[in-house]
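Put the complex together from the two separate chains, hints included.
One-letter residues, chain by chain:
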Amino acid sequence: MKKRVLIVDDEPNIVVPLEFLMEQNNYEVQTAETGEKALDLIRNWKPDLILLDIMLPGMDGYEVCEKIRQHKEFNAIRIIFLSAMARSIDIAKGMGLAADDYITKPFAIDYVVGKVNALLAENS
Amino acid sequence: MLEQKIILFVSFGYMGLLFAIAFFGDKRAEAGKSIISNPYIYALSLAVYCTAWTFYGSVGAAGRSGATGFVSIYLGPTLTMILGWPVLRKIIRIGKINRITSIADFIGSRYGKSASLAGAVTIIAVLGIVPYMSVQIKAISTSFQLISQYPDIYMAENAPHISGTMDTAFFVAILLALFAVIFGTRHLEATERHEGLVAAIAFESGVKLIAILSVGLFITYGLYSGFGDLFFRASLVPRIKQLFVMEVTASTFTDWYNTLFLAMLAIFLLPRQFQVIVVENVDETHLKKAIWLFPLYLLAINIFVIPIAFGGMMYFFDQCGSDPVCRQTLSGGFRGMLKFSNGNLDADYFALTLLMAEKQQGLALFAFIGGMSAATGMVIVETIALSTMVCNDLVMPVLFRLPFLKLKQQPDLSRLLLIIRRISILLIVLLGYLYFHYVVEYYSLVSIGMISFAAVAQFGPSLIGGIFWKGATRSGAFFGLLAGFLVWAYTLVLPSLAQAGFFPPDLLIHGPFKIALFNPIHLFGLDVAQLGFNQYTHAVFWSMTANLGLFIGVSLFSRQDAMEHKQAALFVDVFKYSAEPEKSSFWRATAPVADLRALLERFLGKGRTDDALTLYAREHRINWEKELIADAGLVGFAEKLLAGAIGSASALVMVRSVVEEEPPGMDQIMHILDETQQIIIYSRELEKATRDLEAANERLKELDRLKNEFISTVTHELRTPLTSVRALAEIVHRTPDLDAEKHHQFVGIIIKESERLSRLINDVLDFQKIESGRVHWQMARLDFREVIEDSIYSTGRLIEERNIGLTLDLPDTASRVSGDKDRLIQVMVNLISNAVKFCDPERGRIKVGMRPEPAIGKDGGDRVLKIWVKDNGIGIDKENQEIVFQEFRQVVSSSRGRPRGTGIGLTITRHIIESHSGRIWVESQLNQGATFFFTLPLVE
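Protein chains in written order, with my numbering: chain A, 89 to 212; chain B, 170 to 1109.
Only chain B is shown next, with the shape it has when bound in the complex (with noise of 0.2 Å):
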């Protein structure tokens, strides 16, 4: 007799190991050390996809057809994982960016951030998981009353009457339920991500594993000589030698690929598994490894099933009848108590009973926590998704939408939102419990399960979909959904509620009101027998043909609104703008930074909000103390952090509480542009055409202000000189008896400042002409000498004026270039004056010089005359050095002022020189005196 209360302490054991294990995690993840942060810990944390229903189901299932009756629920995942990785990344990509809570979160948020998209898949979720979850009661309750018989073997079916009046199953669900209202709600989380969940689903992922090897290791090792005895055995017994073929019928065929099809689908689409694939993941590069990992498990899980299946009914089935061969080879059967309600015993539960029945007391021990392992893992990833989905997008838009809660008012709102989540666990496992009462009894484990499958296939069209067609819209989904829910609930529930007692079961042979076309296991007269469809193909078929049929069809039909198209694109084109993802907020609006931490408080906590913010600031080099209004950016950041918490469509209706103004009224743009789908694309667009719209604007902008100083800069210019000329003309004129040599010296002065007045003119005419390309050049063959010479003749008086020493350079061949004579003087009369106008005042030092050289960058012969004109003035510092050439550009300096000029001089010089193929530079250090070089071609 192994007593209750070692089970209950074993099993009370785990638990605290679990939570332990959880707590752990927690720790680490807090002090920025996770635990999980591994491919193999991600790979494990998958395997809660097996469940009780693996453990023990599968075992069942094989032991009624063989093979076929499991192993397309473990290749359809192992096809997801190996052929459908992109999809999985995608959606995991998609998952982080939005910070997606649920799937729910996930379908809505594509659609708009639909609440009540989300809604209808929190509804269909919950439904659909319901008789999952009845499952996992019936495995764990089943499990402990056969274990806690022990050594005896009783059937479940009447164990209540053995337990006297104790209705274990019920006992089990409240306990799971608190199991998992503890550990998936010890705290909100600011993220969505729990760690230390992950933890222990992993640890519960490898006992179950190390159980059911450890099971099998003995019933194929310790019962029989291993696998070939096991198999040679079994060969011999008629019953079980007809499952090791594969019967193709039509019927098995069809049931095959179905069920392959919801497991493939079922892998990532049943609220845990996206929870753990989508939600927990830590970075998407750990999918890489469980791509074969998680294929490698649910081999590892599956390789004994057969041997214990057909262990177990070789050794308590009698199968042999007269045969002889097949009496002497089981010889050595069962000969312990069996006792038989109904004269079957439940095959579901092998892996237990034949333990059981070689009094294996610690390994039977180890296979119910195995079992049980599995079915809690199950239960609190399922409950923790689910309750996740309800709190925030069934419960909570419903709360908020209730103003006499003035619920958007409150304070403190993470109580409410524990409260709740913890009551959706309860209600969901008590569901659970209560389809395990009227209903489950029924069915084996195997069959329930894929009602469940069926139920997520569902959300197959339009979260596929929706992550490949950005077309899909709002309106498609939720019709394909509630089209395709309802097929399902009128296939598969109510026959089952019927079969159960809860409708005539009449309603299954002639139909409702006895119209057979609307019969709920032969709808619309559709032949299953002919097709080989079984019930669940039959409810595939039409719930699936109706679901996707009504998705494309009206979302071929109805129109997207602004929110629709830019999350569809945000979605579908999720690689292109992952790389920026604060930049993909929708807002445009701001709001001030007071109320956006308030909001986020309410929701996160001080702590995690300032700690939130803090990370934000720093990233971006935002002062808190000074900003008061946030950015679009910030708005953003605030909403996607709030979806982390209460997903997004909750989300979006808090955020829009405090901005200040709604998203702008993209209706009108939407008519503008019509239906195409690039609305991102365009606001690009859009925008970069308008960045480039104001560069130039401000580039027009600084032109025009160049022209004004220009204008203003030679006004000055004409001034000065007229100033003095007028003056002096006065005066000459006034004065009669003014003597000879004042005469002599202003006539003089007059003569000079209205020569400069000309020179003035002719700049401003020159660079006109250049500016509007209508200058003529008179083109001769010219030694440049006799240019500098021309031009240092010109100068020659202003250069003495100022006591400057020039010093000439020249070679003494002719250096021979093609040009217009006149304007090259004016470049070297340009720039001598320039070098006067800054050389040093005292000690003045100019120096002309020419040679030739090879052109840069040509290897032919190609040679270059480089001339140069040097100064010792203040010098131009780098960063003037190309402006000097800009029109209308002056350089300030600090010591000297603003140089006298209109600052076109050197504009035109440059111009002149580049149309004789020529380049113009200059090198000079501060204070240290400038050097204008130029080149211009040489001619032979």
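Extracted from the complex, chain A is given alone in its bound form (with noise of 0.2 Å):
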């Protein structure tokens, strides 16, 4: 069974290398632009692993990841931040919520998939 990647950002730009890089590599992808829409997701459609932007319109992506850690069975999901916020504070409060990795942004594919890889590997 494929493994289901989770893309959040409001940058439809930046969604399309993204969703293409995991389709690639053969996982099943989904987006949200708004992190209401991502919890949504996570809810009904379960992802293994969530790439998820901080500077989202409305609730923003340090809040989506809390939210989502305060359930136990959310807890086997993987959440990679994926952020242009690169300032050592910023990425210090990501992993203080118990993120599994923060990638700031402008990144190079092969980080991210090998990050995206690794991590799914593990869980398997």
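Think of the hints as simulated: they come from the structure by calculation, not from any bench. What you are looking at is a predicted structure, and each value in this text was computed from that prediction instead of being measured. Glycine included, each C-beta is placed from N, C-alpha and C at the ideal position. Any given hint could be a false lead.
To be clear about the criterion: a stretch of chain A counts as covered by chain B if any three or more of its residues have a C-beta under 8 Å from a C-beta of chain B, and this derived list gives those stretches [what the hints assert, rightly or not]: (1) 89-102; (2) 171-179.
Just a few of them, taken from the derived set where beta-carbon distance is under 8 Å, the chain B residues facing chain A [to be verified]: (3) His885; (4) Leu897; (5) Ile900.
Here you go:
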């Protein structure tokens, strides 16, 4: 069965390459442009990994992460922050919310793909 | 025979009435319904100036030297009230603000809250007032002896022999002292004011006025048939007739002016006068009415002085000699039993003796009560004022300095304060009695009073100088006072003691040790006869010369310390500072609230302390439960509160013992600021400058914060397109088998995102240019319709992509403006893309329009072009409508988060519009869309 990756970003032009890369690597992909929609998908579609942007309209990425981690049943979900906020304080905050990784934009595609593969391989 | 029992009964009954009034006054004051808070009571209380000296002495003086003998003593206060009220008003204001308790406190406080100066003033006041006190004792005991022999009239001098072994004066003194103790120290006031006392004093002033008027009316209209008759008869007696005119010699002239001068000062420098005028004043505005009411009172109480004096002289003295006309006129004279001890009946007591001779028992008793009320009023107020001074400014400061007493640790000092005050009242009255016993017999009432007047006049230079001249220093005041006092003692008291036999009388003839230069009555060989100086004029001349000379001289050559500087400014510029009394606090320091509260409780008791602090808390919105440390304002408030009970010098010492640090090391600052008197102004300016700097610093910090935020926003905005460009480029590069459709899509995105990057960089550069003012405008005449068309063309794709409906509302004719076309297109693009960005995401609507309009505020033919861009997005609430135009500011919405962009687009837009002499603003309501308007001047 294909592993599921959820891409959460409000910039369509960033979603495009990520979606392409994940599909290329044989993952099932869904996208959300707001935190609320992301939480909906997490409940109903149950992704294995989330690529999560932080600066989202309304609920931001940190909040989404926090909400996920509050539920035991979602413990297994891997979370990678993908953010243009590159200050160490932002990274520390993200990692402090029990995310699995924090990748700053812009990124090298190999790096993102490598991280995703590694985390999902660990799981199985 | 009027029984002593009756006299005593009436006397004590009268005293009891006074108590009742005082009690009632205090009760009403506690209930917050002051009965003394009106100008009439205030003016009446000032009449405590009129003592037994007035009641009896004026008549005596008039009998000896006519109107010259007493008028100046009442003319002086009248002049002070009418001409000198601004000075009085200033003193009252200072007294109120600083909660001054006495004249010693006032002078000490002015010169840096100096305990030593206040102590010196106290000593001078006590010693100076002693003779005055003895006058009252003399008056009461003499009048008592006289009336208790009713209807016989005996002279006072041999009174002790008449009444056997009883020394009336001693008992009078004891009774007066007890009365003053009970009256004045019933309880220690948290404030320095005594409402009940003032009510009683005002009542006494009424009684003595009515008494003397009754006596005067009886003599003028009872014994004689009116003023005309009385003066006509008097004019027939040669010895009286010569009193009708004022004999202008050097002596009467200087004497008259000297008395006038002393009386002008005495009206507010006598401790009791200072007490009623300044300390007991309820409302400063009462002074306005007192200015004419009090002189009116003085006029009324003196109106019958001459009739009584002349009537008495005609009645008692056989002065006609062999003059037949005179004999016939005075034939209805005195035929009662008149006993002379030395062939001379004292004219001082005519008011009493005339009534007794006429067998007017009731009226005589009333006159006696009137005289007694005059004397008791003086004694009570004077001893209360003096005992407060002795306690606050003499005893307490000394006790505080005695470490073995451990007073600073005592839990409750209010009892000790009361005891000290009571003892000082007893001692002061006792001193008065001793002076009476050994000295007064040789002098008349008026001449003794003058000794006291001359003593308190010594306070004049340092008090009046102190409230008008900031340069007056503590040393100047101290040496001036000391010199004036010593000269006063040497030239007035010493001779009176010498005459009483305490010193060899030779002293007054040849001077001490036969040095004529130091003769106390011809000091430095002053030719008194030539100048027409009498003993008093001589003493006043030398003491005031020494006082004033040293006061000014030493002040000019001595420096003030920080506290003096501050107090000087506070006193001299009182009307400038009085608006903010609490802010006048010297304290920069803080103190634990608990310590401060404990300190106050020791002197004021728990109840009053709680009341006062609660009031303060309410006014300043402080919660005691939460405040542990009192700030400088509260420390200052506590100090003032304490000053009301124990005087400013002692209060300073006490507060210093609980505050955490001493007043700041101002000495160094003083050196920097040198001798200028401007410390307060400087510190105010410094404070202001500091505040300005702080504000500027805050602005800088804010700007710095915004700039940092801007940089991080810009970085973020750069990273986003860069991310998609890099990721897609890498994909295209690494995926040779990418299908054509995807390839096309990805490269298209790369181009679009690159454009976005350039736009962003241009924006930042534009902003940079505009900030530094290096923009070159390419001005040209243009039709603004073209500008709008061009900008819609370049934003068209954006609008289509979002499915937004665009409506245009343009006039058919050309609307010409002068401007830089590219920049104006930038403005329109900015506003339209903003509208796109904030439009309703599902059903976006944008309306763009323009219309010529008359220019606002111009009535000529000037017209402007008004352009608007309206969206149907989330809108901007009122408070943010100005902020959106500020650099780096973005309004973070709760529903849609931080908007995309750098936050400088609108700043650039506004700058461009304003550079075109236009105006830009936004009208909006939250969730109902926003409309950006701007105007540009139309050209023909």
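*Does B:Ile900 pass the interface check with chain A, least Cβ-Cβ distance below 8 Å?*
6 Å, holds
*asked:* Can you verify the interface hint for B:Leu897: is its Cβ closer than 8 Å to any Cβ in chain A?
replied: 5 Å, holds
*Classify the hint on B:His885 as holds or violated, based on whether any CB of chain A lies nearer than 8 Å to its CB.*
5 Å, holds
*asked:* If you count the residues of the stretch 171-179 of chain A with a beta-carbon closer than 8 Å to a beta-carbon of chain B, do you get 3 or more?
replied: holds (count 4)
_Three-residue Cβ test at 8 Å for the coverage of the stretch 89-102 of chain A by chain B_ = holds (count 3)
The structure fails none of the hints (numbered hints given earlier).
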